[in-house]
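Trainee: As a plain string of letters, each chain reads:
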Amino acid sequence: MEKHLIHITVNGHEYELYINPKTLLIEAIRDYIGLTGSKRGCETVSCGACTVIIEGMAVKGCSVLAMQADGLNVTTVEGLEQNGKLSAIQKAFLDEGAFQCGFCTSGMLMSAKAFLDENPNPTTHEIRDGIEGNICRCTGYNSIVRAMSSVAQGKYREE
Amino acid sequence: MHNKYSVINTPVHNVDGIAKVTGRATYTFDVQLPGMLYGKILRSPHPHAKILNIDATEALKLPGVKAVVSGKDTLGIKQGIWRRYKELCDEQVLPMDKVRYIGEPVAAVAAVTEEIAEQALDLIEVEYEVLDAVYEPFDAIKKGAPEVHEGIERNLNVTRHIEWGDVDEAFDDADYIREDWFKCGGQHHMCMETRACVSSYTPEKRLTVYASTQAPYYTQGLLAGVLGMREGDIRVIAPYVGGGFGGKFELDGAMFCSAVLSMKLFRPVKIVFTREEDLIASKRRTPMFYYVRTGVKKDGTFCARESRVFTNGGAYTGMGATALYLTGFFHSFPYKWRGYRYDGYRVYTNTMPSTSMRGFGAPQAMFCSEQQIDWIAADLGLDPIEVRRKNGHTPGYEVPGQAFIGSCGLDQSLDKIEEWIKSRGKLPANRAIGISAAGFMSGGIFNWFDTPYSFSSAVVTINEDGTVELHVGCQDIGQGSNTTMAIICAETLGVKVEDVKVHSGDTDHCPADLGAWGSRQTLMAGNATKMAAAEAKRQLLEFATAKMGPNIVYDLDIKDRWVHLVSRPEKGLDYTQVVKEALRGKEGQRIMGRGFYTPHRKGMISPAYSYMVQAVEAEIDEETGKIGVVNCVTAHDCGQPINPIGLIGQLEGAASMAVGYGYLEYMPFEDGKMMNPNLVDYKVIRAPEMPECEVIEIDTFEPEGPYGAKEAGEGLTNPTAAALGNAIFHATGLQMKECPILPEAVLNAFKEKREKEQEKKNA
Ligand code: FES
Ligand code: FES
Chain A
769 MEKHLIHITV NGHEYELYIN PKTLLIEAIR DYIGLTGSKR GCETVSCGAC
819 TVIIEGMAVK GCSVLAMQAD GLNVTTVEGL EQNGKLSAIQ KAFLDEGAFQ
869 CGFCTSGMLM SAKAFLDENP NPTTHEIRDG IEGNICRCTG YNSIVRAMSS
919 VAQGKYREE
Chain B
15 MHNKYSVINT PVHNVDGIAK VTGRATYTFD VQLPGMLYGK ILRSPHPHAK
65 ILNIDATEAL KLPGVKAVVS GKDTLGIKQG IWRRYKELCD EQVLPMDKVR
115 YIGEPVAAVA AVTEEIAEQA LDLIEVEYEV LDAVYEPFDA IKKGAPEVHE
165 GIERNLNVTR HIEWGDVDEA FDDADYIRED WFKCGGQHHM CMETRACVSS
215 YTPEKRLTVY ASTQAPYYTQ GLLAGVLGMR EGDIRVIAPY VGGGFGGKFE
265 LDGAMFCSAV LSMKLFRPVK IVFTREEDLI ASKRRTPMFY YVRTGVKKDG
315 TFCARESRVF TNGGAYTGMG ATALYLTGFF HSFPYKWRGY RYDGYRVYTN
365 TMPSTSMRGF GAPQAMFCSE QQIDWIAADL GLDPIEVRRK NGHTPGYEVP
415 GQAFIGSCGL DQSLDKIEEW IKSRGKLPAN RAIGISAAGF MSGGIFNWFD
465 TPYSFSSAVV TINEDGTVEL HVGCQDIGQG SNTTMAIICA ETLGVKVEDV
515 KVHSGDTDHC PADLGAWGSR QTLMAGNATK MAAAEAKRQL LEFATAKMGP
565 NIVYDLDIKD RWVHLVSRPE KGLDYTQVVK EALRGKEGQR IMGRGFYTPH
615 RKGMISPAYS YMVQAVEAEI DEETGKIGVV NCVTAHDCGQ PINPIGLIGQ
665 LEGAASMAVG YGYLEYMPFE DGKMMNPNLV DYKVIRAPEM PECEVIEIDT
715 FEPEGPYGAK EAGEGLTNPT AAALGNAIFH ATGLQMKECP ILPEAVLNAF
765 KEKREKEQEK KNA
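Each protein sequence line maps, in turn, to chains A and B.
Here the working numbering is used: the first residue of the first sequence is 769, the next is one more, and so on.
Here the working numbering is used: the first residue of the second sequence is 15, the next is one more, and so on.
If you are wondering where the hints come from, they were derived from the structure by calculation, not from laboratory data.
Certain hints may be false.
[Claimed, not checked] Here are the computed lysine to aspartate or glutamate pairs in the EDC-like style, where the Cα-Cα straight-line distance is at most 16 Å:
id, chain 1, residue 1, chain 2, residue 2
1, A, K790, B, E412
2, B, K350, B, E412
3, A, K790, B, E129
4, B, K687, B, E290
5, B, K767, B, E637
6, B, K515, B, D464
7, A, K859, A, E846
8, B, K112, B, E164
9, B, K75, B, E132
10, B, K697, A, E900
11, B, K697, A, E846
12, B, K594, B, D479
Taking the hints into account, I'd like the entire structure generated from these sequences.
Mentor: This is the structure in structure tokens:
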């Protein structure tokens with residue numbers, strides 16, 4: 769199959785990839801670029817473990833081709849921390865214990881961040897609907913909802 | 015409440031937390047070794063068939079394919095986690111001559127990419143002779159049913175009998191006897207990280223295995239057994255593990271096949287199950303048919319209970335033998351019975367094997383027991399809380415011949431739940447609250463694995479700057495054992511959690527431990543950790559005492575890195591300084607403490623038991639049969655809480671799984687084939703359906719546990735399905751005897767109820 773050259777900016781770095789056109793974005797990120805924070809938990813676009821943010825929108829990385837992200841800005845979990853400083857949502861996850869095994873966490877954080885950027889004053893109902901696409905088998909979600917609420921309430925606003 | 019501890023029960027961040035929220039935590043799923051190949055497993059399409067021939071010629075011709083292996087490339091050793099009992103070691107992970115369930119491994123391929131390995135599977139020719147199959151225990155137990163394992167009569171795999179008291183006499187004494195049949199379904203662990211393993215065999219004749227496992231030591235021992243190697247030549251590394259829930263401590267196809275392929279090729283081989291493979295071929299919660307007969311006095315005093323259980327064991331034993339025992343024991347929980355008799359039958363069938371899953375047979379036991387108790391209370395016009403209070407365990411009780419109860423907060427739990435129910439006031443129609451009591455073990459006393467090691471061990475080493483290396487064999491699978499051990503170590507030694515580095519998940523570097531199952535870590539690994547830290551501390555205090563020279567009736571202690579006289583805390587020495595000088599005094603030898611724990615003389619089951627009462631408030635839609643859980647409130651006695659953030663997480667996580675078991679997680683099979691092996695059709699709880707989960711901690715102290723702690727997290731899966739069933743009963747009068755309680759079943763039950771009422775009117 770003919771390979772294609774694409775340019776994707778991931779967490780602020782531009783990557784030039786020469787890939788099979790059928791490569792999924794999540795495969796490009798994990799296998800070509802080598803950022804393994806994003807996971808995979810299914811083959812049916814059901815679990816959200818692969819969630820990344822493309823141009824501000826949470827997208828399941830297994831639901832789009834890498835080619836579709838050509839020329840776009842992608843943020844993965846590795847892009848949340850800046851120079852050793854955790855972002856608000858990461859701090860909130862730590863404080864609330866909003867993860868256990870951590871396998872869903874990378875995707876969950878990206879869904880949470882994209883949702884809160886879009887909806888700065890959500891109700892808990894809206895928060896729950898906002899992360900409906902992400903399965904967490906460990907936490908029962910309530911700690912995640914608490915973490916997201918406390919970010920929305922400004923608990924982690926820049927010092 | 016005043017906290018007498020400096021670290022215990024304070025809100026500490028998970029010690030692996032930053033790695034997890036930054037995506038830096040690497041799982042077996044992420045492991046990449048130089049020269050690594052990818053493996054794929056060919057699986058049986060038949061529930062029961064003889065393997066006549068396997069021809070891999072075409073597959074091996076495909077460019078990129080490096081090897082194909084099947085049963086005949088192995089030693090053919092039958093393995094099982096009940097290592098002590100040969101007859102229960104019944105599984106060849108790559109079978110030699112017969113497959114027994116759909117999805118069973120038949121051959122495995124290693125290739126340079128996963129895609130090529132996948133393509134090669136289609137090129138392997140397997141000739142089968144299809145045999146008659148049997149899927150349900152009541153069919154399989156009949157005379158003349160197809161034999162899943164040759165020579166095992168009536169497919170009876172394991173039987174269990176538990177009895178105490180004079181059961182028949184106690185029944186004679188009863189004023190009222192009720193009997194019911196129940197059916198409890200399977201449930202999938204559905205760990206977010208599917209089974210995954212990377213094996214690397216090298217010319218030194220050593221095997222390194224990265225595995226998603228709950229028990230690295232078991233993985234090491236089981237692999238050694240099937241590969242004909244010495245345990246010490248196998249190193250099992252469990253990096254971060256993406257969930258376990260009781261499904262990841264047996265030997266699985268990813269581990270075995272990757273090891274066999276790697277030994278053939280001297281290259282690392284990685285196998286990761288797809289979600290579908292994981293769902294059809296990685297075992298499940300044991301489905302059970304329960305017959306329960308209970309006799310009580312008019313005032314609700316329990317006299318006797320007699321139960322019979324038939325479990326669908328699937329094709330192999332695995333941990334199912336333990337589940338059969340524990341369901342029978344916990345079916346008596348948490349009540350005092352004058353006479354109790356349980357007979358359990360585990361029956362082989364041609365379906366995916368069933369095994370342990372969070373709760374270990376107890377959720378099924380409670381679903382039947384706790385609902386029947388509410389129905390009996392209703393039959394006799396008694397208050398269900400009062401009935402439970404009258405018959406519940408109390409501290410110091412002995413379950414005859416079985417167990418000693420140390421701490422027990424059941425009574426207080428009932429009080430708190432009663433208060434909560436009152437506070438809810440009158441509820442809308444079709445909504446009600448149901449309760450269930452439950453308890454669970456803090457680690458099992460069983461040693462069917464036949465380990466010569468103590469059940470848990472720990473080593474504490476203090477560096478010259480006072481930082482601490484804690485090596486433990488217990489495994490963190492997300493439940494937070496690394497954090498719990500860090501807390502216990504820091505508390506004991508008098509340092510801060512950030513001074514302690516926890517090393518776990520590596521059999522080369524960590525002492526043996528039976529791993530994360532049966533809620534054993536807090537109590538068992540916790541005791542070992544406490545002992546190791548106390549020993550290291552003793553060595554420091556020995557030196558400090560000599561240096562400070564107090565009257566020998568005075569005690570020294572360390573708290574917050576301050577070595578001091580207990581009676582005059584201001585008099586003391588800096589901890590780091592003491593460490594430095596103590597080292598010199600010991601000719602530079604490290605300060606090191608070792609700890610271990612094995613239960614002795616603690617009955618048959620466990621050294622300690624948690625208790626809880628849960629209230630589930632649910633809503634039932636009469637039109638659609640749909641169930642919504644609004645609240646799930648638990649009064650919970652886990653002894654002294656160690657890690658409060660982790661504790662709430664365990665409670666909420668257990669509730670999500672148990673609510674799922676109650677009304678959502680359904681595994682239908684047709685002719686041995688799972689009909690919904692994907693996450694679209696196999697439904698788990700998602701955020702919008704998750705109820706609020708308030709927890710009321712009941713203050714007790716467990717003498718057998720470290721700092722008074724005991725089990726928290728697994729037992730919390732036990733009461734929920736039962737409490738949900740009771741909520742439905744109180745809202746609608748329906749008695750739901752099958753779980754999960756599906757909308758169709760609710761609708762049918764409504765229909766039946768209306769018909770009965772109509773009949774009554776007509777009559
Ligand atoms: S991997 Fe499950 S949604 Fe993408
Ligand atoms: S933390 Fe384990 S799946 Fe979410």
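Trainee: If a hint holds in the structure, say so; if it does not, say that too.
Mentor: Do the hints match the structure? See the list:
1. K790(A) <-> E412(B): With Cα atoms ~65 Å apart, K790(A) and E412(B) exceed 16 Å; violated.
2. K350(B) <-> E412(B): Status holds; Cα separation ~9 Å.
3. K790(A) <-> E129(B): holds, 12 Å
4. K687(B) <-> E290(B): holds, 12 Å
5. K767(B) <-> E637(B): The hint holds at about 14 Å.
6. K515(B) <-> D464(B): violated, 31 Å
7. K859(A) <-> E846(A): Given that 16 Å is the threshold and the Cα spacing comes to 14 Å, the pair holds.
8. K112(B) <-> E164(B): Measuring from Cα to Cα gives roughly 10 Å; hence the hint holds.
9. K75(B) <-> E132(B): holds, 14 Å
10. K697(B) <-> E900(A): Roughly 13 Å separates the two Cα atoms, so the pair holds.
11. K697(B) <-> E846(A): violated, 30 Å
12. K594(B) <-> D479(B): Given that 16 Å is the threshold and the Cα spacing comes to 7 Å, the pair holds.
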